[in-house]
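Peer 1: Sequence:
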Amino acid sequence: MKKVSFYDHIAANKRNSVFLVLIVIIIMIFFGYLIGLILGSVVAGVMIAVSIAIFLTLISVFSGDSVILSASNAQPADNKKHAYLINTVEGLSIAAGIPMPKVFVINDNTINAMAMGRNPKKASVAVTTGALEKLNRAELEGVIGHEMSHIKNYDVRFMMLTAVLVGIVVLLSDFFIRSFFFSGGNGERKGIHPVFLVFALVLAILAPIAGYMIKLAVSRKREFLADANGALLTRHPPGLASALKKIKEDSAKPTSTANKAVAHLYFSNPFKNTNLFSTHPDMNERIKRLENM
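Numbering (my numbering), first residue to last: 31 to 323.
By construction, these hints were calculated from the structure, which means they are not laboratory data. Just to be clear, a hint being listed does not mean it is correct.
Computed cross-link-like contacts, DSBU-like style, restricted to lysine-lysine with a CA-CA straight-line distance of at most 30 angstroms [claimed, not checked]:
id: 1; residue 1: Lys251; residue 2: Lys283
id: 2; residue 1: Lys132; residue 2: Lys276
id: 3; residue 1: Lys276; residue 2: Lys111
Since we're looking at a predicted model, the values are computed, not measured.
Please work from the sequences and hints to get the whole structure.
Peer 2: Here is the structure:
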């Protein structure tokens, strides 16, 4: 089997980002067209869809990390109080060959962390106080190494973009359904064939579900890759495996500051659920893969 390098993964992420944007543009134009038919103006419908998409994408790219940090109640790490954390992030960023990201601390008793930013030069890492208190040196380095891998491989940008674009599909789908029922559901009178209208309604209902499932699948795959690359970065897979075991055994409640919209950005699922709709792969499988490295 061909070995995939960091550079291959980075290139794949960039290609996937472009592909994802193109797919959502097509869906966006389709929903804009449908909304336009319902409202009586195709141009107006497409313009509404495009405006919503551009606005949300720009916010994600240029202010997404600030919004997420603020929503998570993250505070800048203190140079004295959190010197060890800052030094660990600095050391691993050098090892990864990327600029040192900004370091934040989330006041929460759970063991968790997350990374965000549109590129390695504009990245941030946030770690919970629970992680700082409960993890030893090797475990904390494993967690930070995992997050550094996300930054280096442009995972953070891709995942933030995925979340926003899936959100756009959901928003436009909802807007179309509301427009349809607001208009009295009489699409035939507006020149829309009943069969096409039924197909459009089914797609509008299924599109958000499909988008969310794609988001989950992409997130899980990248967690496995970040585990492997993070372990290679620290050269100590047992440290990361041990951190995952502590999270699994931790009695703390789900991360109180977490939001479902950005759950996929965290090191481990902040809501601790391991079902079909979990944003992270099974904890036991992650541990098993690390122990076999």
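Peer 1: Are the hints correct? Go through all of them and say.
Peer 2: We went through each hint and held it up to the structure:
| no. | hint | verdict |
| --- | --- | --- |
| 1 | Lys251 with Lys283 | holds (26 angstroms) |
| 2 | Lys132 with Lys276 | holds (26 angstroms) |
| 3 | Lys276 with Lys111 | holds (24 angstroms) |
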